[in-house]
Amino acid sequence: MNPDVARAIPEMVESGLLPAGEAERLLRVARGELVSVFWELRALLYVGVLMITAGVGLLVKENLDRIGPVAVAAGIGLAAAAALAWVARTAPPFSWRESWGEAPSPNLAFDYVLLLGVLLAAADLAYVEVHFTPLGAAWPWHLLIVSVFTGLAAFRFDSRVVFSLSLSTFAAWRGISASGLGGDLFWERAGDALPWNAIACGALFALLGFGLKRTGRKAHFEPMAVTLGWLLILGGLALKLESAAWAAALLLTGAGLAAGAYRFRRFPLFAFGVIAAYAALSRLAIYGLHEDLLGCAWFFVTPLLMIAGLILAQRRMKEPL
Amino acid sequence: MSPDAARADRNASIRAAARAWREAGAIDEAALAAVEAACPDDRRRVGPVFRVLLFVFTLIAVSGACGFIWTLLGNPSDAVNAALALAGMAWRWGYPLYAGAAVAALLGSFTVVPGGRLAWIALPLILAPFLIRGAESFRLPPSLRASCAAALGVALAGLYVAVNVASYDQAWLEVWNQNRSAGPGSEGWRALVWTATAVVPVACLAIGLSTRRYVFLIVGAGTTVASLITLRFYVHLAPLWAILTLSGALLAGLVVVLRRHLDSSPGKERGGFTAEPLFEDLARGRMLEAGAAVLSLSPEARPVHEEPRFSGGGGSFGGGGSSSEF
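Sequence order for the protein chains is A and B.
If you read the first sequence in this note's numbering, its first letter stands for residue 1, the second for the next number, and so on.
If you read the second sequence in this note's numbering, its first letter stands for residue 322, the second for the next number, and so on.
Derived from the structure by calculation, the hints contain no laboratory data.
Please note that the accuracy of each hint is not assured.
[Stated by the list, open to error] Distance condition first, Cα-Cα at most 20 Å in a straight line; then the derived EDC-like pairs of lysine to aspartate or glutamate:
no.: 1; chain 1: B; residue 1: 589; chain 2: A; residue 2: 33
no.: 2; chain 1: A; residue 1: 218; chain 2: B; residue 2: 610
no.: 3; chain 1: A; residue 1: 218; chain 2: A; residue 2: 98
no.: 4; chain 1: A; residue 1: 213; chain 2: A; residue 2: 98
no.: 5; chain 1: A; residue 1: 61; chain 2: B; residue 2: 621
no.: 6; chain 1: A; residue 1: 240; chain 2: A; residue 2: 291
no.: 7; chain 1: B; residue 1: 589; chain 2: A; residue 2: 22
no.: 8; chain 1: B; residue 1: 589; chain 2: A; residue 2: 24
no.: 9; chain 1: B; residue 1: 589; chain 2: A; residue 2: 40
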């Protein structure tokens with residue numbers, strides 16, 4: 001509800017700014033008399049899909065001996081096929097452009113049945129690999145297969161969620177948990193391969209995003225690919241933050257990203273760049289300060305300088321950052 | 322907030338609403354231009370990304386200041402200082418993030434004193450009527466109303482944490498209180514918190530549904546899930562896989578039925594609720610969905626420090642999502 005808007009609407013109608021026919025609905029929304037639960041319903045469906053896939057995983061794990069591997073594989077496969085068949089029947093014809101435009105999907109369940117089907121199919125493939133070992137020593141390649149499969153499904157059915165899964169599964173194939181980079185940053189000692197894998201993966205995703213946008217094919221997937229790509233690049237550099245050289249590289253990369261993002265008005269990337277550069281700078285400074293008091297002073301004074309700098313940067317822009 | 326800033330804030334909220342109407346096709350470009358001319362906004366507005374950045378650096382600065390004071394003076398009241406600083410900033414600039422963090426810090430300050438749990442219960446109950454009124458008051462500019470709503474959400478969540486039976490049994494709020502009494506409390510108290518664990522979510526949902534207040538709806542939905550998880554923790558009605566699968570299927574089914582129920586009515590609305598988007602930014606919502614999928618569904622990474630090799634139980638159940646190992 002917004003009392004200011006509610007008070008302004010009748011005045012706008014009187015002065016002819018707003019057509020009277022539209023005003024009634026707008027007024028009800030502003031008064032809080034009409035509330036949309038569009039995103040809440042989608043969030044609940046998402047939670048439902050998560051619970052079903054987690055439940056299926058536990059069912060198989062706990063009852064494997066009683067059910068038998070063939071029955072498990074067949075059961076999950078059938079469920080996945082049923083979900084994907086429904087999606088294939090409901091989906092509009094393929095297009096390189098955004099299928100739904102800015103409108104919501106015609107069927108609320110579409111995105112989530114697709115997600116369920118993809119997750120079950122991926123789980124089935126992993127299960128088959130574990131128990132029947134068709135790939136033998138090359139078992140990690142099942143993650144690549146899943147990534148390609150989910151990527152194709154994302155492009156065919158125009159799903160950002162499934163596309164993001166495809167990217168994160170590809171990253172997992174290269175040894176990077178996309179959801180665990182924050183934890184890795186602070187709690188784990190990374191080996192030599194992991195940071196380079198993360199950086200290469202991130203660069204690949206960023207290039208993919210660039211290509212999608214440049215060719216105009218599924219250009220709306222670009223923000224996801226570029227954002228995840230830069231997160232992986234910065235996360236990869238941060239994995240070796242204990243080294244001054246890597247911290248300096250993170251500082252330069254973060255500052256460069258922030259400058260580029262500022263220029264092209266890519267605000268989330270600007271935030272990533274600023275935070276990464278600040279983290280790297282703090283790392284370099286803190287290792288030189290051996291007094292707790294100086295450390296506290298650093299984290300009191302420098303954020304205030306950053307805030308002042310951000311406000312100055314924002315004032316130079318014509319639109320909100 | 323100064324009168325000029327408050328006026329600009331009110332105008333900004335009207336301009337933002339008009340832009341949303343334009344994007345939804347409710348008004349034309351000429352009407353939007355006329356609204357923007359009639360409601361001038363002379364301030365340089367700060368967008369959501371910038372707000373988050375400012376909030377992050379403010380939190381670091383406040384933590385640094387508290388650490389500085391603590392190191393210098395040995396003053397233990399860090400959380401109170403932080404709460405006061407954040408509340409002052411929320412009042413001055415009207416940032417909801419600061420308001421929510423101020424209430425969280427204030428509640429946090431009670432975890433080190435005896436009877437802190439009672440404060441966690443009493444404070445939200447005392448604050449809630451004022452915050453509800455503030456969140457809807459025309460006397461406050463929009464950003465302060467949003468700050469009241471954020472503070473209300475955090476206060477209600479705090480109330481639930483205080484009355485949750487698992488939190489009571491495991492003394493979550495007494496962990497840092499060195500004078501706390503050992504062992505569980507009386508049976509009477511325990512019965513009371515069991516009742517509250519069930520009643521608070523239902524009450525929040527009921528208030529949210531009857532008054533169409535988002536804060537109560539969201540807190541009600543979240544605490545309902547938390548209470549069901551608590552129930553599963555204490556009462557083993559069925560194996561976990563069955564609970565998860567059936568609950569997930571029931572939830573999905575319920576959503577589909579609810580959507581059809583709302584869509585089947587005249588104007589696609591019932592009781593003031595609609596399942597249609599109303600002047601919302603769908604593209605941003607979809608990006609958030611995709612981000613949530615990365616965080617919650619990413620498969621476990623394979624180890625890279627060793628060469629891929631076959632092992633009988635190797636791999637993990639998942640890829641593209643679930644990752645429970647067999």
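**Structure versus earlier hints, numbers of those that do not hold, lowest first** = 6
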